[in-house]
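Residue numbers (this note's numbering), protein chains in the order written: chain A, 1 to 214; chain B, 1 to 214.
If you are wondering where the hints come from, they were derived from the structure by calculation, not from laboratory data. Do not rely on the hints blindly, as some may be mistaken.
The list treats identical chains as interchangeable, and a pair is accepted whether it falls inside one copy or across any two copies.
The calculated lysine to aspartate or glutamate pairs, modelled on DMTMM-like cross-linking and capped at a C-alpha distance of 20 Å, are [stated by the list, open to error]:
id: 1; residue 1: Lys5; residue 2: Asp43
id: 2; residue 1: Lys162; residue 2: Asp173
id: 3; residue 1: Lys87; residue 2: Asp173
id: 4; residue 1: Lys94; residue 2: Glu169
id: 5; residue 1: Lys170; residue 2: Asp17
id: 6; residue 1: Lys162; residue 2: Glu143
id: 7; residue 1: Lys170; residue 2: Glu88
id: 8; residue 1: Lys126; residue 2: Asp17
id: 9; residue 1: Lys126; residue 2: Asp113
id: 10; residue 1: Lys126; residue 2: Asp50
id: 11; residue 1: Lys60; residue 2: Asp43
id: 12; residue 1: Lys158; residue 2: Glu122
id: 13; residue 1: Lys2; residue 2: Glu143
id: 14; residue 1: Lys170; residue 2: Glu69
id: 15; residue 1: Lys2; residue 2: Asp193
id: 16; residue 1: Lys25; residue 2: Asp43
id: 17; residue 1: Lys72; residue 2: Asp173
2 protein chains.
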Amino acid sequence: MKKFKVGLIRVVTTKDDQILNAHAKILLNHFPNMEIITRCIPDQLQGIYDDVTENIAVPKIIDLARNLEREKADAIFISCAADPAVKECRGILKIPVIGAGSACASLAMGISDRIGVLGITEHAPKVFVKMLRDKMIAEIKPEGVNNTLDLLSVEGEKNTVKAAGILKEKGCDTIALACTGMSTIGIAQVLRDTLQINVIDPVVAAGFFLRYLS
Amino acid sequence: MKKFKVGLIRVVTTKDDQILNAHAKILLNHFPNMEIITRCIPDQLQGIYDDVTENIAVPKIIDLARNLEREKADAIFISCAADPAVKECRGILKIPVIGAGSACASLAMGISDRIGVLGITEHAPKVFVKMLRDKMIAEIKPEGVNNTLDLLSVEGEKNTVKAAGILKEKGCDTIALACTGMSTIGIAQVLRDTLQINVIDPVVAAGFFLRYLS
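Whenever a hint applies, use it, and build me the whole structure from the sequences.
Here it is, written out as structure tokens:
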């Protein structure tokens, strides 16, 4: 049987194949029956971290998505929790487009009314706020964690677990991770094991929707 | 490995095992690694078809859910697109509660911004309207179809396909089925084959969320 072909777009520029393919690897661990082609946007070594860098990235993401559709991808996955260019690509392409942010929020909404959003910015990405609405009962950013690199330190992981604990104390029964860097470090399983709470990983969440489409 | 145990609640009273287990059978076809115990609410041979019958059903559903939790279910699935008692059960039980309506709407939201809702009532169930918001660009009920029995006739199926075609003409790229009776008759595949459009089946959608939890 022909495998479902996913065009995966990374919103950070890298020449390191291991970094480039990190999200594809996570997806394939959970959903081996996919073929994944990963591309990254050019000239954004720091990725997307505010409105300006998001706006600059949008046309680059659209270009990559168009190319991947031409290369016969069955679906596009934009692997960023802010869902950059998801709406635009859906308006342009004929194939389905999945965003890590909307996938994560949607999966959380299907299982819970009391969702906590854990990200690396002061406020949850707009796509989470807009979709979850009154189902988002708290949002938090770990102390001292301001970018995905900060997540990698011992201190960063400790503070992420602490922040998730605060969400649980506030009454959340499900935590939606609002940063795909958290997928890369596999923090979801650490949080589940430590706090006995549902945790939605944005890359794995996207995999569930891609799996549904396949 | 111990199978994930789902307590499935049907919101229509029946003594016919084949009818009772129809939704369990659909789930097991897609997700064989589950154990499913089905129960139905008492004294509602016509099921839920308006606000009054929904309100009468709520405490009965809560009772069944409590019992299933006591019987060590890992999750509850309330198999009705109106999501009756889902919110209440989530507030009372310690295990996750999935509703066919919120599962269907959530799955649709993860893959599309242009969703059409196809049900058997004049207006889409409240849970769809509340969750989909501006992503629901059209809603429709097939002509002459007013209950799940009407779906079974040749005329009913023909008119359901016709209604779905109208949703596609209106610009929907994904159809969310807002009645679990449509799952029972397997109309999703008929619509996909006829119209080449994404179709979300509410029972199968619930299975995806249960699968995530397992």
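These are the hints, each one checked on the structure:
1. Lys5 <-> Asp43: neither (26 Å within a copy, 49 Å between copies)
2. Lys162 <-> Asp173: Within one copy only: 15 Å inside, 41 Å across.
3. Lys87 <-> Asp173: Classified as between: cross-chain Cα gap 13 Å, same-chain 29 Å, threshold 20 Å.
4. Lys94 <-> Glu169: This pair counts as between: shortest inter-copy Cα distance 15 Å, intra-copy 44 Å.
5. Lys170 <-> Asp17: neither (40 Å within a copy, 43 Å between copies)
6. Lys162 <-> Glu143: within (9 Å within a copy, 55 Å between copies)
7. Lys170 <-> Glu88: The answer is between: 19 Å across copies meets 20 Å, while 36 Å in one copy does not.
8. Lys126 <-> Asp17: For Lys126 and Asp17, the Cα distance exceeds 20 Å both inside one copy (30 Å) and across copies (47 Å).
9. Lys126 <-> Asp113: both (18 Å within a copy, 15 Å between copies)
10. Lys126 <-> Asp50: Within one copy, since 12 Å is at most 20 Å while 35 Å is not.
11. Lys60 <-> Asp43: within (10 Å within a copy, 59 Å between copies)
12. Lys158 <-> Glu122: within (18 Å within a copy, 52 Å between copies)
13. Lys2 <-> Glu143: neither (46 Å within a copy, 39 Å between copies)
14. Lys170 <-> Glu69: neither (43 Å within a copy, 24 Å between copies)
15. Lys2 <-> Asp193: Close across copies (18 Å), not inside one copy (36 Å); limit 20 Å.
16. Lys25 <-> Asp43: neither (23 Å within a copy, 51 Å between copies)
17. Lys72 <-> Asp173: between (40 Å within a copy, 19 Å between copies)
Violated hints, in rising order: 1, 5, 8, 13, 14, 16; the structure is consistent with all others.
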